[in-house]
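Following the hints, complete the assembly by docking chain B onto the known chain A.
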Amino acid sequence: MSFKVVSPGILTLIQDLGRKGFQRVGLSSGGAMDEYAFRLGNALLRNKANAAQLEITYGMLTLEVRESTSAALCGADLGATLNGKSILPWQTYALKRGDLLAFAQPKYGLRAYLAVAGGLQCDETLGSVSTVMREHVGGLDGKGEKLKKGDVLKYQPMDDHFQNRVPRHAIPDYSLTEIPLVLGYQYQQFSRIELAHFLSSTYSVSKHFDRMGYRLEGRAIRYDGEGIISEGIAYGSVQVPNDGQPIVLLRDRQTIGGYPKIGCITVLGGALLSQKVAGDRVSFAAITVEEDEQERLLFGHKLKSV
Amino acid sequence: MPISYNFQFLNSTSCFIEFGLHVDELTSIRIAALANKLEEDEGIEDSVASYTTLLVMFDPRFYNRVTIKRYLDQLISSLESDAGERFSANEIVIPVYYDPEVAPDLMEVAAACGVTVDAVIKLHSETVYRAYAIGFTPGYAYLGNLNKQLQLPRKSTPRLKVTKGSVAIAEQQTAVYPSDSPGGWHIIGRTPIELIDWQSESLSLLSIGDHVRFEPISRAEYQAKGGGFNVL
Numbered sequence: 001m002s003f004k005v006v007s008p009g010i011l012t013l014i015q016d017l018g019r020k021g022f023q024r025v026g027l028s029s030g031g032a033m034d035e036y037a038f039r040l041g042n043a044l045l046r047n048k049a050n051a052a053q054l055e056i057t058y059g060m061l062t063l064e065v066r067e068s069t070s071a072a073l074c075g076a077d078l079g080a081t082l083n084g085k086s087i088l089p090w091q092t093y094a095l096k097r098g099d100l101l102a103f104a105q106p107k108y109g110l111r112a113y114l115a116v117a118g119g120l121q122c123d124e125t126l127g128s129v130s131t132v133m134r135e136h137v138g139g140l141d142g143k144g145e146k147l148k149k150g151d152v153l154k155y156q157p158m159d160d161h162f163q164n165r166v167p168r169h170a171i172p173d174y175s176l177t178e179i180p181l182v183l184g185y186q187y188q189q190f191s192r193i194e195l196a197h198f199l200s201s202t203y204s205v206s207k208h209f210d211r212m213g214y215r216l217e218g219r220a221i222r223y224d225g226e227g228i229i230s231e232g233i234a235y236g237s238v239q240v241p242n243d244g245q246p247i248v249l250l251r252d253r254q255t256i257g258g259y260p261k262i263g264c265i266t267v268l269g270g271a272l273l274s275q276k277v278a279g280d281r282v283s284f285a286a287i288t289v290e291e292d293e294q295e296r297l298l299f300g301h302k303l304k305s306v
Numbered sequence: 001m002p003i004s005y006n007f008q009f010l011n012s013t014s015c016f017i018e019f020g021l022h023v024d025e026l027t028s029i030r031i032a033a034l035a036n037k038l039e040e041d042e043g044i045e046d047s048v049a050s051y052t053t054l055l056v057m058f059d060p061r062f063y064n065r066v067t068i069k070r071y072l073d074q075l076i077s078s079l080e081s082d083a084g085e086r087f088s089a090n091e092i093v094i095p096v097y098y099d100p101e102v103a104p105d106l107m108e109v110a111a112a113c114g115v116t117v118d119a120v121i122k123l124h125s126e127t128v129y130r131a132y133a134i135g136f137t138p139g140y141a142y143l144g145n146l147n148k149q150l151q152l153p154r155k156s157t158p159r160l161k162v163t164k165g166s167v168a169i170a171e172q173q174t175a176v177y178p179s180d181s182p183g184g185w186h187i188i189g190r191t192p193i194e195l196i197d198w199q200s201e202s203l204s205l206l207s208i209g210d211h212v213r214f215e216p217i218s219r220a221e222y223q224a225k226g227g228g229f230n231v232l
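Sequence lines, in order, name chains A and B.
Note that the working numbering has the first sequence beginning at 1, numbered continuously upward.
Note that the working numbering has the second sequence beginning at 1, numbered continuously upward.
Just chain A, with the same shape it has in the complex (with noise of 0.2 Å):
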């Protein structure tokens, strides 16, 4: 009834869709970083959207299957195999006993989900599932950590398989760089130059990348406005600290902050800007709420599809 850790990976984090509520008290939502790979993985298997799945950054994991499931992968192409076969994301695959299911680097992306039929059973620390290790909150063991080897990832075995596919149309493209953002907070603040030089610029993902937030390399913002009194940060927010390289902070980020910020990233976009790493180059797109909304609207008929 379960998945044994053969080899743990770099980074490999039991996840939900995060933890609901407590950012008023200053702890971090955390969930998945590609919530569209996530929600995709849940939607193959008919599994509840906030289902337990693991987020395997990078690679480098070794499973052993103990009891048959349907499994389904989702985001990036981390190389994985089933028993030495390649298999690919955006598809489910049949798991017996004994197989082995292995994730080697990344092909294209940074960060696959896995997802079990009914999902990961894990007990829930403060009503969600997701690991935050910077807070030592959730996880296997309620701690905040990342798994070990000899971890042992329990499951509701299933016999009957169930195939399918995530449709073309539906499935995220990764090679996009342009991120959509909704301009907010302090944006009427930035001189119209300097919002004009940020929605126009390349920037690159820098070395300095997690889930709390990518630090982007490019042309320098200059914020003139007046100082900021600390306030609550929105998932994607985009802040311009002293040095003026743009600072998108994700599901790992702090709750509050006081430097100034730009606006937020959407949900599609953290789940691009999730995919990338040092070297990529992305730029940033001003869409409205109002056509944020109808991304999102679009997104849930997709999943729909699957």
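Misleading hints may appear alongside valid ones.
[To be verified] Under 10 Å between C-beta atoms, here's a sample of chain A residues computed to sit facing chain B: (1) Phe22; (2) Ser28; (3) Ser29; (4) Gly98; (5) Leu100; (6) Ala104; (7) Pro106; (8) Thr125; (9) Arg134; (10) Glu217; (11) Ala220; (12) Ile229; (13) Glu293; (14) Arg296.
These are calculated hints, taken from the structure and not from any lab test.
Quantities reported herein were computed from a predicted structural model and do not represent experimental measurements.
Note that CB positions come from ideal geometry on N, CA and C, so glycine has one too.
Chain B alone, transformed into the frame defined by chain A:
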């Protein structure tokens, strides 16, 4: 007078409300009252209250942009009529052992402020503080306002690790570190009590708007309450 505020959508499921540009107690009382009302609403996923702002994340299955705006506008205008009333705030007393043994910056703070250590303790513990914001790490409450005589800028080099329970000051604020973490505030004491309870529904001892008082305790009391003496 109607409460003036600036409302913006940050994306299709989050909105941000700014109540002016200055930190003051009435604003903070209103924000805390609003945040508390939202806490009971299952259509609100989360909120982050701070000195002058409230970030609200809503569940699109319960609210759309029109209904959330109307709902928040109504809640805010209901605060207006409450403005004269005193919102009931919890008062929480935090026992503190003020001694260089657990407070590496106590002597330095006294010297920098030009007062005795006893005066630092008196000035710090005679004020009733208000929790203006919670963040930075879980349960870390920004408490204000510190007596002017104790106001110092943050340390120029933050410590990589501040021991859990440390009571610290910086600028017009004071706070207790709920867990071991990096920190750039001046440490003037340590509390033996826990500010975070992972088993509790509310997680954090302190909530936005709470009133907080620090009570000086002796070394023996500190020890009796389970206080430790580890330095980092």
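Verify the interface restraint on A/Ser29: the C-beta must sit less than 10 Å from at least one C-beta of chain B. Hint holds; A/Ser29 Cβ to chain B Cβ min 7 Å, cut 10 Å.
Measuring from the C-beta of A/Glu293 to each C-beta in chain B, is the shortest one below 10 Å? With Cβ-Cβ at 4 Å, under 10 Å, it holds.
Status of the hint placing A/Leu100 at chain B (closest C-beta pair under 10 Å): 36 Å, violated
Given A/Arg134 as an interface hint, is its Cβ closer than 10 Å to any Cβ of chain B? 9 Å, holds
So, as I understand it, the hint says A/Glu217 touches chain B; can you test that by seeing if any CB pair is closer than 10 Å? 24 Å, violated
Any CB of chain B closer than 10 Å to the CB of A/Gly98? 38 Å, violated
Going by Cβ atoms only, is A/Ala220 closer than 10 Å to chain B? Violated. Min distance 24 Å.
Mind checking the CB of A/Ile229 against every CB in chain B and telling me if the closest is under 10 Å? 5 Å, holds
At a threshold of 10 Å, is the proposed contact between A/Ala104 and chain B supported by beta-carbon distances? Interface hint status for A/Ala104: violated (36 Å vs cutoff 10 Å).
When the nearest CB of chain B is found for A/Arg296, is that gap smaller than 10 Å? Nearest chain B Cβ about 6 Å off; hint holds.
Hey, does the A/Thr125 contact hint survive, CB to chain B under 10 Å? With Cβ-Cβ at 7 Å, under 10 Å, it holds.
Let's test the interface hint: is any C-beta of chain B closer than 10 Å to that of A/Phe22? Holds, about 6 Å.
In terms of the numbered hints stated before, the structure departs from hints 4, 5, 6, 7, 10 and 11, listed from lowest to highest.
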